[in-house]
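Keeping their order, the protein sequence lines are chains A and B.
Here the first sequence is numbered in my numbering, starting from 281 and rising by one per residue.
Here the second sequence is numbered in my numbering, starting from 2 and rising by one per residue.
Any given hint could turn out to be false.
Unchecked claim - A few chain A residues facing chain B, derived, Cβ under 8 Å:
no. : residue
1   : 293
2   : 325
3   : 388
Unchecked claim - Simulated restraints on C-beta separations:
no. : chain 1 : residue 1 : chain 2 : residue 2 : range
4   : A       : 289       : B       : 69        : 33 to 41 Å
5   : B       : 2         : A       : 356       : 24 to 32 Å
6   : B       : 114       : A       : 392       : 28 to 36 Å
Keep in mind that the hints were calculated from the coordinates and are not lab data.
Every residue gets a Cβ at the ideal spot worked out from N, C-alpha and C, and that includes glycine.
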Amino acid sequence: DTGVSQNPRHKITKRGQNVTFRCDPISEHNRLYWYRQTLGQGPEFLTYFQNEAQLEKSRLLSDRFSAERPKGSFSTLEIQRTEQGDSAMYLCASSLASQYSNQPQHFGDGTRLSIL
Amino acid sequence: DQQVKQNSPSLSVQEGRISILNCDYTNSMFDYFLWYKKYPAEGPTFLISISSIKDKNEDGRFTVFLNKSAKHLSLHIVPSQPGDSAVYFCAASAPSDSWGKLQFGAGTQVVVTP
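Isolated chain A, as found in the complex:
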């Protein structure tokens, strides 16, 4: 399977703990995106990378959230000091794109985070 891969699929943790999710994009894709989805809503943009550069972060993203893509391949999203409101599905997507063209983003199956 050469699609977008996310691990773990589910994460249950206690409030105040740190969590880290991993995303492996489609191999030839240079862009990687993180979204968050809550029940009854569409995915909400968090941040994206082009190669290893983080090009945009949502202003809704608190300082407790950090994302990296150190070698321009896989990415990690870390949430520090988790809160109840962080419970959501975290989706990763990738695409082959540049500032001069657009291509569809392809999504993984997400990591479902539950905060106890």
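Place chain B on chain A using the hints.
Below, chain B alone, put in the same frame as chain A:
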């Protein structure tokens, strides 16, 4: 601010008939639009897209129509099949964001009945 809106949370259609899903947007900078389908416990799957230089794009049973003056797009599925039962999301992006950020509607739940 919700810049992409899907005002119908659900749609029920008989197998073999046409499904029409609607989407409205407010940001005139959007110029690339996509539809995704989502099954429970899976990520969104890309269905079809359209650039603002076109007003129609077709791919098999799926056709997307874009009305720029009304800031409205629609997805037609003909004929509808039971496997089409899913949540459908409309999304849009703008060149000012280097098309990096997709803004999604809240989704429409489609149920195809036999």
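Verification of the supplied hints:
no., hint, verdict
1, 293, "20 Å, violated"
2, 325, "5 Å, holds"
3, 388, "5 Å, holds"
4, A:289 - B:69: 33 to 41 Å, "40 Å, holds"
5, B:2 - A:356: 24 to 32 Å, "30 Å, holds"
6, B:114 - A:392: 28 to 36 Å, "29 Å, holds"
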